[in-house]
Every structure is written in structure tokens, then in C-alpha cells.
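Listed below, chain by chain, are the residues.
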Amino acid sequence: MKLTQGCFSFLPDLTDDQITKQVQYCLTNGWAVNIEFTDDPHPRNTYWEMWGLPMFDLQDAAGVMMELAECRRVYGDRYIRLSGFDSSHGWESVRISFLVNRPPQEAEFELVRQEVGGRAIRYTTARRPAAHAST
Amino acid sequence: MLDVPHAKTTEPGETNFDLRKEAEEAGITGTLHQLEQELIGLKPVKDRVRQIASLLLIERIRQRAGLASAPTTLHMSFTGNPGTGKTTVALRMAKILHGLGFVRRGQVISVTRDDLVGQYIGHTAPKTKEILKKAMGGVLFIDEAYYLHRPDNERDYGQEAIEILLQVMENQREDLVVILAGYGERMTKFFASNPGFRSRIAHHIEFPDYAEAELLVIAELMLKERGYRFSAAAREAFERYIALRRTQPFFSNARSIRNAVDRIRLRQADRLVSDLDRILDVVDLETIDPMDVLASRVFSGGADAGGAKP
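Those protein sequence lines, which keep their order, are chains A and B. Everything in the first sequence is counted per the numbering used here, starting at 5 for the first residue and increasing by one. Everything in the second sequence is counted per the numbering used here, starting at 32 for the first residue and increasing by one.
Errors might be hidden in some of the hints.
[To be verified] Taking CB as the label site, the calculated pair distances span:
1. B:Lys52 x A:Gly10: 43 to 51 angstroms
2. B:Arg81 x A:Thr42: 47 to 55 angstroms
3. B:Thr143 x A:Pro58: 21 to 29 angstroms
Just so you know, the hints here were simulated from the structure itself, not pulled from any lab data. In this text the structure is predicted, and so the values were computed from the model without any measurement. We put the CB at the ideal spot given by N, CA and C, even for glycine.
The whole structure should be built from the sequences, with the hints applied where relevant.
Printed below as a string of C-alpha cells:
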């Protein structure tokens, strides 16, 4: 199951060249670029771990790509995403976020249905155990 | 890793190139002209800069013509005595490289040992990388580079910084240009103990000391920038000043001249203010009299006669 989170996630995975251009776009706009990684890509898990500090005073994307290469070397088996944080007044939030690395075996999610009082139904997005995932 | 940004695969359609137009488009003619005008002397340096600029221009045209082009290693080392213009040329270099598209952004990050080497274990690598990331797409200028290597302390963290630098210099040649600068002898020693550096640097540029006549021209240029000028007698006095100052310790070429010029301005102002009943005109304000020059300690036994002063 291809995980679809953030920008461009319904497109084929970005190549390094395309990532470089996106990063350069962020830097040109003065956004701080962050590299984050996780092994728990549940849609409700917003807090991924950071790779190093936010990179906010770079001029060129090559610096970010250097860190990304390093992060992929260490955490190549996890999800890695890049985000661009706009600190300018009125925004002060993440303006762009996209996946740049997927593990060889992607995480699988399923919808668990639960009947509650009356005829109401509750849904939970639950992660399938890894064993099931290898179909 | 990253695709080489400059190695564009263009169809070998173009066969004719207007060299003058190309050079002007790249902004080399302008920058080289400026270099010629603003930097006095430094003949070998200018020659080398022109050679590098020419190579880069031809390389760029070759790429467009579809000829084979090997990536150029642009790392440089500037060696020379204090005040010979190493930093100034480094700034100019960044402009030239940027104009030719061999660095993408053209910023200059000027650092010394303190900016690269950490204070405790595990501090150096992130610190060095941080600087390298900032310098990506531009020029990293390492002043007094030999301080990175402390031969007397084998556990010095400088070595770690050197290793990271070397690695990036080798692997990301397209992304940044490293310029090492320092005084001649100590740089030679530094390169001797770090052969990796020597071989990764393509251009070793030696900055010669200035001749006396050149120093005089520099002084006049500095005065002109500040809106002053020598009277004929003062000019003569300053010639004598230069001849004397050169033989004294702590002489650092253009920097000493700049300090001398600043002190001469002080003395001129003092001379003018000492006579409050005078009506000044513009000529008084901008003219340096010989007594402003001659009052210098250089004429009475040396700059270090009353304590070391650079």
C-alpha cells in the first residue's frame, strides 16, 4: 500500500533532482527546511523525529541534500519527509511537507469498524501487523 | 547523489560563438576590469585570476558546443604576507565564479578555526557541517587555515574538521569552492602535514608583497575614497614614510598603509581644530599637509618604539 501523506504523494516518488528543486524553492522563499523520519507513519502521528536542526540559513539546496543523503544512509528503512516552515508573521506554520523516502516494505493500514450504542459506528485507522503486510 | 547542475546535455548544434559577447554576458570583462582598477600591483594574482576566468568561460562554451568537458576543480589556496589582499581577491573570485555559473549562489562564507572546530567531543562534526551547508552553492573562505592543524596536540579536534572538509571538497566539487588563505611559510607547513589538502587544491596562488610605488598608489587611492588628497610635500613625506615603515617590524603591506592613512586623518583633524579662530575652506579640509605625515612615530625610531602597534 503506497502511503499518501503530504504534497505530491499521489504522484510517482520524486527523484533527487525534483527534491532539490522543491528544496531550492523553499530556501528561496526563506523557509526553514526540516528533515524528519519515523517508523510510525500513522496519519494521526504528526510528531516525527527530527534529523538534526532545522536548516534556516542555507542558500543552496545542496546542503539539505547532503543531510538527506546522510539521513537515508542511517534511516533508509523508515519514512523520511521534508518540510518547509515559514516563520514570517501571519504564517508561522509549515507551508510544504512531502515524503522523500519509503521503507522497502511499506506500512499497511486498515479501517476497524466498531458498533456502539444505538446503530452508531466508530471507525479506527489501525496499523496492520507487519506479518500480514507481506502478502 | 545530485545530478551535476552544469553538465547540461545540449545538442551540439551551436558552432559559432562570439567570445566578446559571451565574456560580457558572463560579466567577466566587467569584473576583471574592476579587479585591474581597484587592486594595485598583484600581477601574478591577476594573471592567475584571468587564466581561471578564461578557462571557465571556454569550458562553458565547450559544453554548449557539445565537446567533452571534465569538471573543473576550483579549490584554491591564497598564500602571502599580511595585508596583501587575499580576502579582497577571494570576494572578487566569488563574483567571477558566480558570473560564470560555476557556483550557483555566489555567497562568500568567511570562517576561521573557531567557526569549524568544536570545544568538546562530538561538537566539531555538526559545527563544520553547519558551515559547509551554509557555504553550499558559494565560496567557503577559510582564513588562516593552518590553525586547523595543531601538530603539538594529536587529539586536537581540528583534524576532524579537516577530514570532513576534505571529504566534501572531494565529493561535492560542483556544490562549493573552498579557498584557503594564510601566510606563506605556515601554509607550506600545513600542506606538508596534510598532503590531502595539497592535492585537492588546483590553484595555489602566491600573493607578492607590494613595491613602494604600489603602496603609495594604494595610499592615494584610500585617501581619494575618503575624500582627501596629499599636498605635493606631503606626498614626498609619505614616500619616505613608506620606505621607513617597510623596514620596521609588524609591517603588513596595505593594512599598515590603511592604518597610517587613518592616523594621518586624525592628525589632520587635530591640526585643524587646534586653531579655532581660523576660517576653513574646502581645500583645507581635504588637504593632507606634510606635518600630518611627519608627526608619525615611524620617523622617530619606529612604530614599536613606544609599544607594539601594527
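Is it true that Lys52 of chain B and Gly10 of chain A lie within 43 to 51 angstroms of each other by Cβ? holds, 46 angstroms
Assessment of proposed distance window 47 to 55 angstroms (beta carbons of Arg81 of chain B, Thr42 of chain A): 53 angstroms Cβ-Cβ, so the 47 to 55 angstroms window holds.
Given a hint of 21 to 29 angstroms, does the C-beta separation of Thr143 of chain B and Pro58 of chain A actually sit inside it? holds, 25 angstroms
When held up to the earlier numbered hints, the structure conflicts with none and fits them all.
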